[in-house]
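Here the protein sequences line up with chains A and B, keeping their order.
In case it helps, numbering that gives the first Met the number 0 puts the first sequence at residues 0 to 245.
In case it helps, numbering that gives the first Met the number 0 puts the second sequence at residues 0 to 403.
In short, the hints are calculated from the structure, not lab data.
Mixed in with the good hints, there may be bad ones.
[As the list claims (entries may be wrong)] Pairwise CB distance ranges, derived in the manner of DEER restraints: (1) B:Arg99 <-> A:Pro50: 53 to 63 Å; (2) B:Val126 <-> A:Arg187: 49 to 59 Å; (3) A:His240 <-> B:Asn32: 56 to 66 Å.
Virtual Cβ for every residue (Gly too), placed ideally from N, Cα, C.
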Amino acid sequence: MQVQLDRLREQYEFTSWSTPRDTSLLAWGFRLSGSELPGWSPHRIQQVDLPGEPPATLSVWRPAEGNGALLAVNVYECDDETAARRHLLRLLGEFQGPNLQRIASPGEVAFAAGSAGILFARGNLVAFVRSIERSPAPVAENAARLDRILDADVERRGDGPEIDTLSIPAAEARRQRPIPIDVTASDRAGGPIWFRFRSDTGRLMLQNRRPVFTPTEPGPHDIEVTAIGATGVSERTLRIHPAPGE
Amino acid sequence: MGVQLLAIKFNHDPTGATHEALNLRRNATEFVNVPEWERGVSVNPEDSPAAYAVRQVRGHVVTIQAKFRRRGALPQPVEIRALDATIDRPGAGGCVSFVRRVLRSLFRSLFGGVLGEAAARTVAFGVSGESAFESFDLRYTRLDWMPVGVHTVAWRWQYRTSPADAWVDFDLTRHRVYVLVDTPADPWQQTPYTPTNTQLPWTEVLDHACDWAWGAHDETEAACGVTRGVFALGPVMVTYDCPGGGGTHYALGGFNCTAFVERLRGGPGNGYYVNCTDCATFVATFANALGCDLWQSRMGYGFGLNPLLAIGSGTWQPACGWSGFSYHEVAWTGACDVNDRVFDACLEVDADADPTSVPHTPLLPCDMRFGNAGDGDYRDRLATPVGSPACDAQPSTRQRRIIF
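Could you put the whole structure together from the sequences, leaning on the hints where they help?
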């Protein structure tokens with residue numbers, strides 16, 4: 000597999016897209032509720048957690064007005080942005096045909112398999128949206144919609160889950176020292192909840208499947224935390240002060 | 000007054016496979032509970048499934064365990080047996096003449112149920128009126144030489160209170176029995192035998208695998224049957240993923256067998272399109288459920304293709320008209336190297352002396368040596384003479400994807 004990965008790195012100029020951006024974005028416990036894609040309803044949503052693979056949400060969607068089209072939406076939750084890009088590269092190695100085409104959006108790095116599929120990385124997530132039946136499904140439109148949900152989801156702000164706890168075990172932060180973030184939320188509407196974290200002054204990642212923040216700037220550090228539920232999203236900011244002398 | 004059958008265990012010892020059935024589940028979410036047959040629960044044959052590995056049971060007496068209830072003031076103990084209802088139909092007399100016995104023996108050898116019949120034994124009942132689970136030897140089974148298949152076994156349960164009495168029918172049960180070449184191989188497991196172990200063989204997989212490999216007596220025949228069965232899914236159920244660049248749909252990371260089985264049943268599954276990784280995974284996983292020992296492994300990278308017939312396609316051309324494959328993956332034996340055998344359900348190659356041009360003679364690669372460039376084996380039939388050297392076996396990619 001390493002031989003193939005080396006070849007893919009070269010073919011897809013991996014070094015040109017493997018550097019994460021300045022703002023760190025992390026999704027944790029990603030779930031699809033079934034309401035994400037207007038005009039489409041989920042036929043099947045599977046949460047899959049296999050050894051050696053990032054946890055994945057695999058889904059197949061049918062159009063509300065059935066024309067035989069089917070849309071597959073797979074989302075992989077990697078430990079951080081770098082791992083997401085590596086996983087994206089691995090997925091590019093699952094195509095037997097000619098190289099996929101690099102496209103500007105959605106996500107931070109994206110590739111298209113003709114008009115039938117789009118793969119992209121956004122933060123620590125990799126999404127793969129594709130048309131999987133003979134009747135074509137609108138892939139670009141739904142991939143863009145999914146990306147908006149992964150990135151900001153401003154359209155659904157309010158009426159979301161309530162963030163019950165948001166804290167760190169240490170009162171102060173030191174640069175390059177990872178700090179676990181404790182967060183819980185509840186949703187009166189029921190249904191799955193997942194979280195998104197964003198920071199401009201440090202790196203966010205998952206360690207042992209838990210969110211941690213590692214300051215890279217002096218601070219203070221504001222981490223924007225969003226709880227995403229089926230009916231909406233809610234936000235809070237976690238402020239972390241630098242340790243004396245930082 | 001009489002006897003009532005309460006339950007039957009086929010897999011009465013989950014640690015063994017020589018005298019009993021294998022550990023099974025139905026699919027990713029449903030476990031096959033033991034006893035497999037329960038009064039009031041099991042109605043159709045598929046409600047009480049059992050699978051036997053011929054190589055394991057050959058030469059051994061297969062047994063089942065059954066539990067009964069005494070109804071009314073029946074003297075005890077009683078003798079109980081189960082006749083093969085395909086040979087001894089309900090209503091047929093128990094006392095047969097010599098000629099009828101000979102005919103019956105002949106009939107049994109030709110048409111008898113795969114599990115034969117449960118030999119008579121004495122059963123005693125406790126104060127509750129129920130017996131313990133009593134072990135019955137199966138006789139006249141055909142498991143020693145039976146090829147791969149799925150069968151319905153029907154048993155006519157009878158009791159008598161003394162050897163002088165006539166046998167009395169009290170129940171008729173029907174069961175689905177899978178006959179496998181050997182114990183399912185990885186990714187399928189027999190342990191741990193727990194409801195959470197999703198890698199226990201699925202009956203929903205065996206339904207199709209036994210159908211495709213029907214009549215196979217060994218691993219090679221079974222693997223070829225599965226290869227043919229998967230390839231024959233095109234173009235009605237699946238086709239090669241030309242629109243999506245030859246992407247993997249069912250076997251990204253693990254094998255989404257749930258989706259594939261759904262597709263086989265006429266549902267959406269993961270859609271219409273497949274690639275070589277999907278087909279290699281289908282073949283290896285379904286064949287291994289029958290006791291084969293195949294892997295999924297790649298070759299490559301980046302090689303030109305001879306004209307071929309991709310799954311679901313009726314046009315001889317390099318797949319989708321592309322110049323070549325970035326990689327290819329097949330079901331493969333042993334170390335997945337040059338001298339090992341490949342089973343490729345994704346495409347048919349040209350079997351004639353010149354695979355680079357017309358005329359084309361379709362050949363589904365089944366038990367073909369992979370070969371070195373220039374040997375004229377699978378590799379040279381798939382890849383162009385120029386591309387064949389780049390179509391190296393990549394044994395480090397050998398794997399058996401986890402099922403979910």
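Here is how each hint holds up against the structure:
1. Roughly 60 Å separates the CB atoms of B:Arg99 and A:Pro50, a value that falls within the hinted 53 to 63 Å.
2. Range check, B:Val126 to A:Arg187: about 55 Å between beta-carbon atoms, so the 49 to 59 Å window is met.
3. Take A:His240 and B:Asn32: their Cβ atoms lie about 57 Å apart, and the range 56 to 66 Å holds.
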